[in-house]
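*Asks:* Fit chains B and C to the given chain A structure using the hints.
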Amino acid sequence: MRLRLTPRDTSYFDLFAAQAEHLVTGAGLLGELLGAHRAQRKAVVQRMSEAEHAADEATHSIMRRLNQTFVTPFDRDDIYDLASRLDDCMDLMDEAADLVVLYKVDALPARVSDQVAVLQRAAELTAAAMPRLRSMDSLSEYWIEVNRLENQADKTYRKLVAQLFDEVTDPIELLKLKEIVEKLEDAADAFERVANTVETIALKES
Amino acid sequence: MRLRLTPRDTSYFDLFAAQAEHLVTGAGLLGELLGAHRAQRKAVVQRMSEAEHAADEATHSIMRRLNQTFVTPFDRDDIYDLASRLDDCMDLMDEAADLVVLYKVDALPARVSDQVAVLQRAAELTAAAMPRLRSMDSLSEYWIEVNRLENQADKTYRKLVAQLFDEVTDPIELLKLKEIVEKLEDAADAFERVANTVETIALKES
Amino acid sequence: MRLRLTPRDTSYFDLFAAQAEHLVTGAGLLGELLGAHRAQRKAVVQRMSEAEHAADEATHSIMRRLNQTFVTPFDRDDIYDLASRLDDCMDLMDEAADLVVLYKVDALPARVSDQVAVLQRAAELTAAAMPRLRSMDSLSEYWIEVNRLENQADKTYRKLVAQLFDEVTDPIELLKLKEIVEKLEDAADAFERVANTVETIALKES
Chain A
1 MRLRLTPRDT
11 SYFDLFAAQA
21 EHLVTGAGLL
31 GELLGAHRAQ
41 RKAVVQRMSE
51 AEHAADEATH
61 SIMRRLNQTF
71 VTPFDRDDIY
81 DLASRLDDCM
91 DLMDEAADLV
101 VLYKVDALPA
111 RVSDQVAVLQ
121 RAAELTAAAM
131 PRLRSMDSLS
141 EYWIEVNRLE
151 NQADKTYRKL
161 VAQLFDEVTD
171 PIELLKLKEI
181 VEKLEDAADA
191 FERVANTVET
201 IALKES
Chain B
1 MRLRLTPRDT
11 SYFDLFAAQA
21 EHLVTGAGLL
31 GELLGAHRAQ
41 RKAVVQRMSE
51 AEHAADEATH
61 SIMRRLNQTF
71 VTPFDRDDIY
81 DLASRLDDCM
91 DLMDEAADLV
101 VLYKVDALPA
111 RVSDQVAVLQ
121 RAAELTAAAM
131 PRLRSMDSLS
141 EYWIEVNRLE
151 NQADKTYRKL
161 VAQLFDEVTD
171 PIELLKLKEI
181 VEKLEDAADA
191 FERVANTVET
201 IALKES
Chain C
1 MRLRLTPRDT
11 SYFDLFAAQA
21 EHLVTGAGLL
31 GELLGAHRAQ
41 RKAVVQRMSE
51 AEHAADEATH
61 SIMRRLNQTF
71 VTPFDRDDIY
81 DLASRLDDCM
91 DLMDEAADLV
101 VLYKVDALPA
111 RVSDQVAVLQ
121 RAAELTAAAM
131 PRLRSMDSLS
141 EYWIEVNRLE
151 NQADKTYRKL
161 VAQLFDEVTD
171 PIELLKLKEI
181 VEKLEDAADA
191 FERVANTVET
201 IALKES
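Protein chains in written order, with full-length UniProt numbering: chain A, 1 to 206; chain B, 1 to 206; chain C, 1 to 206.
Chain A on its own, in the form it takes in the complex (with noise of 0.2 Å):
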């Protein structure tokens, strides 16, 4: 058990919690840009790239302060992971919007909004699970409904890919909208490893 509660320790729960909210923003733009008109989607991605510029400045003030500090609240590796796959999900969701733009994508299957609803909950529950760390108080509820979301956004997708390939037959369409269908599953796998890396850290401090 190490030391908790300084000043330099309690400031990492506080920048994974800023990390985290990055989160919210990010998957609830992406349910702005499911309901968005094609004119207004580049203004909904426009504000995402915004959004992951502000989580990368979290990342970034986060590895800075592991890089020059000795006194960390647990394993250097672990707050390292746990600040990189926070960011690989905001990278994920901000990628998934973009194509919808680059590829100038018609419409999305319904089911996509699926995928997003997951990724809302995921990044609230990722949100309000980051300042219980510093508890490590009732962790384990967040990594299981996050598991247990993750499996439901597996369905979801593999539900997806059976349906473009059983509906679109423009292979160009069905190119672009795999990918997209992919990028939003990859999301998905994403929190679930932020959801993983959190459950090694309770392990340990346990």
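One or more hints might be untrue.
Copies of the same chain look alike in the list, so a pair counts if it works inside one copy or between any two.
Derived lysine-lysine pairs resembling BS3-like cross-links, with alpha carbons at most 25 Å apart [what the hints assert, rightly or not]: (1) Lys42 - Lys104; (2) Lys42 - Lys155; (3) Lys42 - Lys159; (4) Lys183 - Lys159; (5) Lys42 - Lys204; (6) Lys104 - Lys183; (7) Lys204 - Lys183; (8) Lys204 - Lys104; (9) Lys178 - Lys204; (10) Lys204 - Lys159; (11) Lys155 - Lys204; (12) Lys178 - Lys42; (13) Lys183 - Lys155; (14) Lys178 - Lys159.
No lab work stands behind these hints: they were computed from the structure.
Source: prediction; values computed, not measured.
*Replies:* Chains B and C in isolation, oriented as in the chain A frame:
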């Protein structure tokens, strides 16, 4: 050189051996899948997914032990890497089998059986090598042979991709077959990464 | 601050510099490939694959030394990361060149030369930076410039993908070109990851 042969140390080797045995099962099921009629495929893929769950459990018991014990037979990071990379092999073989059913593939190119044969051989070599981690004896034959197999798999993969682009005129069918063939190549790469991890461990201990 | 300038330490810098020199060769060969007639491509790709093998050897000698020595000029993990990420750059440039021949691509979009120009510049900057790891002097110019180059590469990549979807009507041709363009973008990302690793090392040492 660290302590060996305490019960706790031993069980890591048993757990790695158990993990690798699931890979032999998985590679065998890939062979069955190639021989199966389309109607039987779902059942084979179901058994594959059970094998994947079992391998997952084996991986988690290694991680749990790793996170809760201090004495390890070799570097914690290497134990983590080895367990993760063994798990990757299973995941990729499972995903490949899954795609065959998900994409309702009609027939696979004959050369795919060469890819699967390499995976079966690599899985057997890996399972035979894991118990030898205890004594670190004659492991070099293992990693040299797995690296040779991966080079062979790579040549087969390249021939297959060229063949697909030459012979498959339906772009959607091409998309499906290419992804399955790539997944099998990724699995061969994953076995090589396991072998490289074992080499790293052996070099440190020597 | 750790011991520097012992022969053993020194040679790590020489090995990293050697590794980076292979990247300059590889990026140069990509340029040759763009200018080559289809009949000459195979020969260029052959030389690329020789450069890749040489880079592989350089990587392995670093790993071997790392696994068998105790004194290192900076953290073992950072040496491992830097060597691996330099190796990734070579692998990705090699794979990109390989696809041009494997896919029997007719003509590449003109903008691909912009992607290659960025890789050549990034390789030169990386090769020039490696010897400066010894003194840790003026490395920030290097990583800032490589990050700038990667942003530029990203913009080019996005324009290229949009262009491919707008102009290439044959989905199979689109599939081929998209994969090559993506591989070159992955190579640019790999150079940025090398720069980020150098930044991490420099921050720790500062």
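*Asks:* Which holds for lysine 178 with lysine 204 at a C-alpha limit of 25 Å: within a copy, between copies, both or neither?
*Replies:* neither (39 Å within a copy, 42 Å between copies)
*Asks:* From the Cα coordinates, with 25 Å as the cut-off, is the pair lysine 104 and lysine 183 best called within, between, both, or neither?
*Replies:* both (16 Å within a copy, 22 Å between copies)
*Asks:* Since the copies are identical, ignore which copy is meant and state whether lysine 155 and lysine 204 lie within 25 Å (CA to CA) inside a copy, between copies, both or neither.
*Replies:* neither (32 Å within a copy, 43 Å between copies)
*Asks:* Which holds for lysine 42 with lysine 104 at a C-alpha limit of 25 Å: within a copy, between copies, both or neither?
*Replies:* within (10 Å within a copy, 36 Å between copies)
*Asks:* Give the relationship of lysine 183 and lysine 155 under a CA distance limit of 25 Å: within one copy only, between copies only, both, or neither.
*Replies:* Result: close both inside a copy and across copies, 15 Å intra and 19 Å inter.
*Asks:* Please work out whether the CA atoms of lysine 42 and lysine 159 approach to 25 Å or closer within one copy, between two copies, in both situations, or in neither?
*Replies:* between (28 Å within a copy, 15 Å between copies)
*Asks:* Given identical chains, is lysine 42 near lysine 155, meaning Cα to Cα at most 25 Å, within a copy, between copies, both, or neither?
*Replies:* Answer is between; shortest inter-copy Cα gap is 16 Å, intra-copy 30 Å.
*Asks:* At 25 Å max between alpha carbons, let me know whether lysine 183 reaches lysine 159 within a copy, between copies, both or neither.
*Replies:* both (15 Å within a copy, 20 Å between copies)
*Asks:* Using 25 Å as the alpha carbon limit, work out where lysine 204 and lysine 183 are close: within a copy, between copies, both or neither.
*Replies:* neither (32 Å within a copy, 34 Å between copies)
*Asks:* Checking lysine 204 and lysine 104: alpha-carbon separation at most 25 Å within a copy, between copies, both or neither?
*Replies:* neither (47 Å within a copy, 44 Å between copies)
*Asks:* Can you give me the call for lysine 178 and lysine 159, within, between, both or neither, at a CA distance of at most 25 Å?
*Replies:* Both ways: lysine 178 and lysine 159 sit 12 Å apart in one copy and 20 Å across, limit 25 Å.
*Asks:* As a check of your reading, is lysine 42 near lysine 204 (CA-CA no more than 25 Å) within one copy, between copies, both or neither?
*Replies:* Result: close neither inside a copy nor across copies, 44 Å intra and 40 Å inter.
Comparing the model with each earlier hint shows violations of hints 5, 7, 8, 9, 10, 11; every other hint is respected.
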